[in-house]
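> These protein sequence lines are chains A and B, in that order. Residue 1 is where the first sequence starts when you use our numbering, and the numbers rise one by one after that. Residue 140 is where the second sequence starts when you use our numbering, and the numbers rise one by one after that.
Hints were generated in silico from the structure; no laboratory data involved. Worth double-checking, as some hints may not be accurate.
[Claimed, not checked] Derived list of chain A stretches under chain B, where covered just means 3 residues or more per stretch with a C-beta under 8 Å from a C-beta of chain B:
#1 65–78
#2 90–100
[Unchecked claim] DEER-style ranges, computed between Cβ atoms:
#3 R74/A - D237/B: 20 to 28 Å
#4 K21/A - R233/B: 20 to 28 Å
#5 R241/B - G46/A: 25 to 33 Å
#6 E14/A - S191/B: 49 to 57 Å
#7 Q42/A - H236/B: 48 to 56 Å
#8 H177/B - E71/A: 17 to 25 Å
#9 H47/A - T195/B: 32 to 40 Å
#10 E14/A - R199/B: 38 to 46 Å
#11 R206/B - R103/A: 56 to 64 Å
#12 K198/B - E14/A: 22 to 30 Å
#13 P43/A - R219/B: 25 to 33 Å
#14 P43/A - K247/B: 55 to 63 Å
#15 S191/B - P18/A: 55 to 63 Å
#16 N60/A - S191/B: 35 to 43 Å
The beta carbon of each residue, even a glycine, is placed where N, CA and C say it ideally should be.
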Amino acid sequence: MTTTETRSLVIEREMPYPPEKIWRALTQGSLIKEWLMDNDFQPEVGHKFSFRSTPVANWNGVIDSEVRIVEPNRKLSYAWVSLGLESMVVWTLVETGGGTLLRMEHSGFRSDQDAAYKGANYGWQKFIGNLDRVVAGLQ
Amino acid sequence: MVFEVKLTNANSVFRALADPTRRAIFERLASDGDQTVHALTRYAGVSQPAVSKHLTVLKRAKLVRHRRSGRETHYSAQPRALAPLVDWMNYYSRFWHDRLDRLEDLLKRMD
Chain A
1 MTTTETRSLV
11 IEREMPYPPE
21 KIWRALTQGS
31 LIKEWLMDND
41 FQPEVGHKFS
51 FRSTPVANWN
61 GVIDSEVRIV
71 EPNRKLSYAW
81 VSLGLESMVV
91 WTLVETGGGT
101 LLRMEHSGFR
111 SDQDAAYKGA
121 NYGWQKFIGN
131 LDRVVAGLQ
Chain B
140 MVFEVKLTNA
150 NSVFRALADP
160 TRRAIFERLA
170 SDGDQTVHAL
180 TRYAGVSQPA
190 VSKHLTVLKR
200 AKLVRHRRSG
210 RETHYSAQPR
220 ALAPLVDWMN
230 YYSRFWHDRL
240 DRLEDLLKRM
250 D
């Protein structure tokens, strides 16, 4: 099952595996490399690391990151800084009857006044939501 | 990934909209049409010089345009300038769907 909210980058998928198994795939460097990118991730809050993909013209393929939240089997969050754009990725795992509901949220552009990592990314989300019609006209 | 090149151009738009006051000003112009600096100052709850500064940043990002009329300057939103933001959303939507497919493949292979 796949759900996508168009107003913000939220992707939810129900997966037939326990949270513990998905957590391993989200937090072990060698496993992360298999599905996301090469990395030097460590599941420690404050750990600075990077994701590395193949460089292309005008982009060195590097995404700078820092671990922000580590709640084993429940919640993981890290910064996502690429080309000077600071954003935030939050993974949430909720155990369901037959497995896990995995939620990925990629949002927020950090600024001094409403840093996404303080949980105040509502402002940005709301902005996108309010501009839905404007944005729809562009597509 | 030609897309990354386009994302580079998005920087000024993202930076301009990273500030909540500027977002509010832009939103106001986008929903209510042209406004003078005075009207925007009343709405924004910050000083007029501050509003003018914010408008300069928005102008540089091509998110607003100004037009002089007598002693007043009228500002209007340029929603087309939001295109890089829409591109960003579309790009990462595809990116994460693709990566989650790979994650599911990996989970199938894991013990």
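> Hint by hint, note whether the structure agrees.
To see whether the hints hold, each was checked on the structure:
1. 65–78: Violated - the region 65–78 of chain A has 0 residues with a Cβ nearer than 8 Å to chain B, which falls short of three.
2. 90–100: Violated - the region 90–100 of chain A has 0 residues with a Cβ nearer than 8 Å to chain B, which falls short of three.
3. R74/A - D237/B: 20 to 28 Å: Check passed, 25 Å falls within 20 to 28 Å.
4. K21/A - R233/B: 20 to 28 Å: holds (26 Å)
5. R241/B - G46/A: 25 to 33 Å: About 28 Å separates the Cβ atoms of R241/B and G46/A, which means 25 to 33 Å holds.
6. E14/A - S191/B: 49 to 57 Å: holds (50 Å)
7. Q42/A - H236/B: 48 to 56 Å: violated (27 Å)
8. H177/B - E71/A: 17 to 25 Å: violated (49 Å)
9. H47/A - T195/B: 32 to 40 Å: holds (38 Å)
10. E14/A - R199/B: 38 to 46 Å: holds (44 Å)
11. R206/B - R103/A: 56 to 64 Å: Violated - the Cβ-Cβ distance for R206/B and R103/A, about 45 Å, lies outside 56 to 64 Å.
12. K198/B - E14/A: 22 to 30 Å: Hint violated: Cβ distance 46 Å, outside 22 to 30 Å.
13. P43/A - R219/B: 25 to 33 Å: violated (42 Å)
14. P43/A - K247/B: 55 to 63 Å: Since P43/A and K247/B have Cβ atoms about 23 Å apart, the given range 55 to 63 Å is violated.
15. S191/B - P18/A: 55 to 63 Å: holds (56 Å)
16. N60/A - S191/B: 35 to 43 Å: holds (37 Å)
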